[in-house]
Structure formats: structure tokens, C-alpha cells
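In order, the protein sequences belong to chains A and F. Quick note: the first sequence uses the numbering used here, first residue 84, plus one each step. Quick note: the second sequence uses the numbering used here, first residue 162, plus one each step.
I should point out that these hints are in silico values taken from the structure, not numbers from a laboratory. Beta carbons: idealized from backbone N, C-alpha and C, even for Gly. Incorrect hints may have been included.
If you want a taste of the chain A side facing chain F, the calculated C-beta under 7 Å gives, among others [as the list claims (entries may be wrong)]:
# : residue
1 : A271
2 : L288
3 : L357
4 : V388
5 : L389
6 : G411
With the Cβ distance kept under 8 Å, some of the chain F side facing chain A (calculated, not the full set) [to be verified]:
#  : residue
7  : T173
8  : L175
9  : G272
10 : L275
11 : P276
12 : L306
13 : V317
14 : V449
Spelled out, the chains give:
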Amino acid sequence: MMQRGRWKRWLVALAILHGIIGCAGFFAPYDPAEQDRERPYLPPMKIHIVDTTGHFHFRPFFYAVHLRDGSFDQFEESTDQVLPLHFLVSGARYRFLGLVPSRMHFFGASASRIYLLGSDAYGRDQLSRILNGGQISLLAGLLGAGLTLFFGVLIGATAGFYGGWRDGLLMRVAELFMALPWLYMLLALRAFLPLTVSPPWAFFLIIAVIGTVGWARPARLVRGVVLSAKERDYVRAARGFGAKDDYLLRRHVLPETSSVILTQAAILVPQFVLAEMTLSFLGLGVPEPVPTWGSLLASLQQYSVLVSYWWMYLPALAIVPFFLGYLGLASALQQDAGTEKIEKATSGVR
Amino acid sequence: MSYFLRRLMHGTFLLIGVSILTFLFTTLAPGNYFDEMRLNPQISPETVAALRAQYQLDRPLPMRYGRWVKALLHGDMGFSFAYNSPVAPLLWVRARNTLLLTVMATLMAWGLALPLGIWSATTLGRLPDRAISGATAALLVIPDLVLAIAMLILAVRSGWFPTGGMASAAVEGLSPVQKLRDLAWHMELPVLAVVLSALPTLVRHVRAAVAEVLDAPFLRAAASHGIPRRTLLYRYALRAAANPLISLFGFSVGTLLSGSLLVEVVMSWPGLGPLLLEAILARDLFVVIGGVLCSTVFLVTGNFFADVLIYWADPRIRSQADA
């Protein structure tokens, strides 16, 4: 038997993942823009629990790392300087959830900076940049999906509810949008918007571009549901009692579309996070120095980075758990909708 | 034959719609190639105005569109400001390379997806099905961008594969057979990246379509009549499952085109992708329009091919179309 309500587990997992990214300031040990010119392209530092003399430590620690003499990219641990790992330490200022000013960080070391996932060309902490970059990428995906669903529901409901020439025209345009390869369309749309803009504007631009590209599929699905919902007996009865169109839509028709919309949201959000990543990776998105998952990957386009610094690839892996979560959520929701349909059908037979 | 005519008309409408849409975007666009020229103190405002007039950027939109379509019908796709050459020959070379990559990837993706999906559907719930479903699920959570970069890193680290381009430096001195082998060597990774990013969805759809047909009453009846499994599968089930799969083929062309665009940029395959990206960064208007239109032509062709296939495979459509 198919299990219902599996989506709740996926939702909890996703909530935890989003929570971590949402509290990036707390979990990131440093400010993502803070540079350390002494240590560019530092490989991830090793966590120790046994020191050079063979003693076991309960508190994990790091050895301070510095450039080897006469070299510019070779680092070595200096075993005389121990950096014990501390939790809930005070550090760089940030705003918790973007609102409350705070200095509390989840972990850190007192004497020197520690780099769990290495550092980039300017010695910025890669972990802090991945966590903070996730905020922008995820927000772009969520807002883009929200915008797309808004357009989709608006257009789909108009086409389905009013029918006639509106339906014909809107669905032809939707076919057009669905037929085009979406990456080509994304680029074409981006091509005709200003190239060099400030990061906040770039962010809104991206959301606008992403949001306009994907409305066709949700619109068609919503239209289908609306078409069948508006012919239900209770809707006709309400209309017979003199209910206006907007009341019928709000009260009877649109609630029917909620499961379609939820499933579409679970499918669209990861796609749009990836769209932001792709645009920023190609240099068409949010520019440096603001970190996003895409712009963090952009440095891989330099051959030297690609060859020598494997930890610069880590931002790419950050999106994988989110993909997994949303995919699981979408398939669980679809399964639920499927069983619901079967249950409805069989209860009708009885 | 009116069926094909209708499908062709549909494709043409799609092309016209896309061309209008891209043209519409150009007017909504703030800034163009000449705006950056205007910032250059060495170029006088009169020169910029003259250039704008020469490329008719100062005319109203419908007129520009009309002229562009007229020129297009004469094989002239406009002028690239950045390359200082006509767009058509520029696009032609790149489009050929993209086509090579996409067609190879499409053939391979379907060539893999069909047997895997069928195998999975015939062993539903048993080991092969579980292994295939697990593998597709794992591939599904790896975004194509991540996959392409991983491939690139593989190429760079191992040194087994070239890191970009589609020919070795010394390709001129080679015999035709060696040239072909060189090209194949350069194609391996890009094609693999596109195939792997498209494969999981295709396998899942094939599995679902075949599994649904295998469960259909007419096949159960046939099985209970003692018709061997093999005959059942290849004579009856696959023919019945073909219809949704052929429509999926039409849709998959678009996905594969998008996938190859990304792979082209990441792996510097000299196709439409890098050209389009450069054109966008340089505000090279006609190249962008031409590139998008080119991809639409590929798509329409792919869809038309699917229509032909479905006409051949589905007697219902044949009888409807001929009636």
C-alpha cells in the first residue's frame, strides 16, 4: 500500500536545511567578505584530536597554518601554535535572520582564523561564503517560484474560468513558452536587460527573469483543474444563488488548485535555484563580491583554479541536499494527490 | 497529407511567435551595442547616430521587424557588431557544432533510456528495477551544472580527455580517419555530460509508460492465453507504449538543447552556447536573436520529426488524418 503523508518528513528535512542557510550568520564563523591576504587558496584545515606528542584531546583543535618560506601557494602547519575549537564564540557582527544584530557564532577559534573548507583567492572563508551565498540563491529560487506561480495561477485561472478567446490566446502563448528550450529563453531574456547593475538590482532582475520564464506549465495545470472545478454542481448552485465571479473563484474554484500549486512549487523552487546558479556562473547574475552559489563557482572557469584548488568545487555540492529534499517532497505530494484521486474515484463507485 | 501540413504550420507559427517575442524584448531593453560606444570619447555622437541609422535602430519596431524578416528570407540574418561580419555564416558554423553534439546526445540518451526503462519495467520491484531506479534517482539530484563541472574536473585531473574545443591543435595534418577519431575523442565528455543530465527523466518516463501498458487488460488477457513474454513485450507492449514516448521525444529535444548549451559553455565546445553568451555580454543584438531563432528551428525540426514518427506508429492518427 502506498503510504500517505510522507511529505511531512521531507518538509521537516527541508525546513532544517533552510533553517541552517537562513541562520547563515550564526553558523558561518566569519564575515563572508572579510579577506585574509596572508592565506589565499588555503586548503581546508585538518581537525586534530591527537597532538604530535600522541596525547588525546577532548576538545578538537587545529594547528595554525602559514605560507611555507619562499613559496606563494604551499602551506604548512606549525605544530607549536595550537588553535582549540570553541563553540558559541563572539566574532564578526552580523544580523540574525537579517534583523537582530548579534556577534554570536556557532564555532570559531580565538587566536587565528580557521578554515574548515579552505579559502578563496582573497583568503575569504569558503564555508562562510557558501552559507551566506545560499541565502541569496535560495531566496532567488523561492521568490522566483512565487512569482511564477502567481503568474501561472492568474493566467491559468483566467483562461480556465472565462474560456473563449482569452483561453485560446493565453494557451497559444503558453505553448510558445513551453516549447522553447528554457536556458535559451533565460539567456535571451537576460540579454535585453542591463548588464552592469548593482547587486541588489541584479538580484531583483534575476528573479524577474526567472519568474517570467516558467509560468506556462503551472498555468496549463491550473487551467485544467479550474475547467473541471467550475462545472461542479456546488459551483453551479452557488452561481445560481447569484454568486459573483470573484467570489466563486476565491471560495470554490481556486482552493481546488492548491495541491497542484504545492506540487508545482516543490518542482519549481530547486529548478529556479539552479537557474540563479547558472546565470551567476555565466556572469549574468549577481556579481562579485556578493557570494551566491553560482558566483562562487564562477572562479572555476579559470583553468588554474580548476586544476589546483579542489575545494573551490565544494559550493556545487551545497545544492545537492536541497535538490534531494525538494525532489522527495514533490514525489511524495504527487503520490498523495494520486492516491487521493483513486480514493475519490473508488468512493464514488461505492 | 493535411496532417503534415498542419504540423508544419504549427511549427511555422512557433517560429514567428518566437521571432516576435525576441524582437519585443529588444525594444524593452535599455541599452544596446551603441550605447557603450557613446561612452567612448573617441567616437563622435554623429558617428553613433549614423551607425544607428545604418542598422535602423532608430526606426519603429514593426518596421524593423518587417525589414528583418524580409532580409531573413533572403538568407541575411543581420550584422554582428562585435564580429563586424554578417551573422548568418557566423551562426552556421556554430549551429553545425551544436547540432553535432545535440544529435549525438539525443541518440545516445534514447539509445540508453529505452533498454534501461524497458528492463526496469519488466522486472518491476525486483533487483534490476531497483538498481536502475536507484541510479536514476541519484542522477536526478545532481544538477546539470554540477555534472558538467565535475566532468571538466575529471578531464583536467586525469588527462584522459581534452579539456575543451573540438579538435586538437595538430588536426590539419591528419588523415580523414584520424580526424574523425580526434573529433570523437573531443566529443566523448560533452556528450556524456548532456546524456547523463537528460537520462534519468527519460528512463523514468519509459519505465512508467511500459509498466502501464504491461498492466493493461489486453496484455493480461494475452498473457493468460499463453503468448510468450518475449512476443508479448516486443510485438504488443512496445507498440502500445510508443505513442506517449514519441511525444516525450519531441519534448526531450528542448531539454537536450538547454543541456548542451550549458555543457558547451562549461567545456568550451564551439557551438551556439558560447557564441550566444559572448553576444549577450557584448550586447550583440542580431547574434542573440539569430542564436535563439536557430535553437527554435532545431526544436521545431525535432518536434516535426516526432510528428512524423507518431504518424507512422499510431494508426489512430493516420486514419484521422486521412479521413
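Verification of the supplied hints:
1. With a cut of 7 Å, the hint placing A:A271 at the interface with chain F holds, because the nearest CB-to-CB distance is about 5 Å.
2. Given hint, A:L288 at the interface with chain F, is violated; its Cβ is 11 Å from that chain's nearest Cβ, farther than 7 Å.
3. With a cut of 7 Å, the hint placing A:L357 at the interface with chain F holds, because the nearest CB-to-CB distance is about 5 Å.
4. With its C-beta approaching chain F no nearer than about 10 Å, A:V388 sits outside the 7 Å limit, and its interface hint is violated.
5. The interface hint given for A:L389 is met, as the beta carbon of that residue sits about 5 Å from the closest beta carbon of chain F, less than 7 Å.
6. Annotation: interface hint on A:G411 violated; nearest CB of chain F at approximately 9 Å, more than 7 Å.
7. The beta carbon of F:T173 comes no nearer than 13 Å to any beta carbon in chain A, farther than 8 Å, and the hint placing it at the interface is violated.
8. A least Cβ separation of about 6 Å between F:L175 and chain A falls short of the 8 Å threshold, and the interface hint therefore holds.
9. Given hint, F:G272 at the interface with chain A, is violated; its Cβ is 21 Å from that chain's nearest Cβ, farther than 8 Å.
10. Interface hint at F:L275: violated, since its Cβ lies 23 Å from the closest Cβ of chain A, which is beyond the 8 Å cut-off.
11. Among the interface hints, the one on F:P276 is violated; its C-beta lies about 24 Å from the nearest C-beta in chain A, farther than the 8 Å criterion.
12. For F:L306, the suggested interface contact is upheld, since its CB lies about 6 Å from the closest CB of chain A, less than 8 Å.
13. Nearest Cβ of chain A to the Cβ of F:V317: about 5 Å, under the 8 Å cut. The hint holds.
14. For F:V449, the shortest C-beta to C-beta distance to chain A is roughly 5 Å, which falls under 8 Å, so the interface hint holds.
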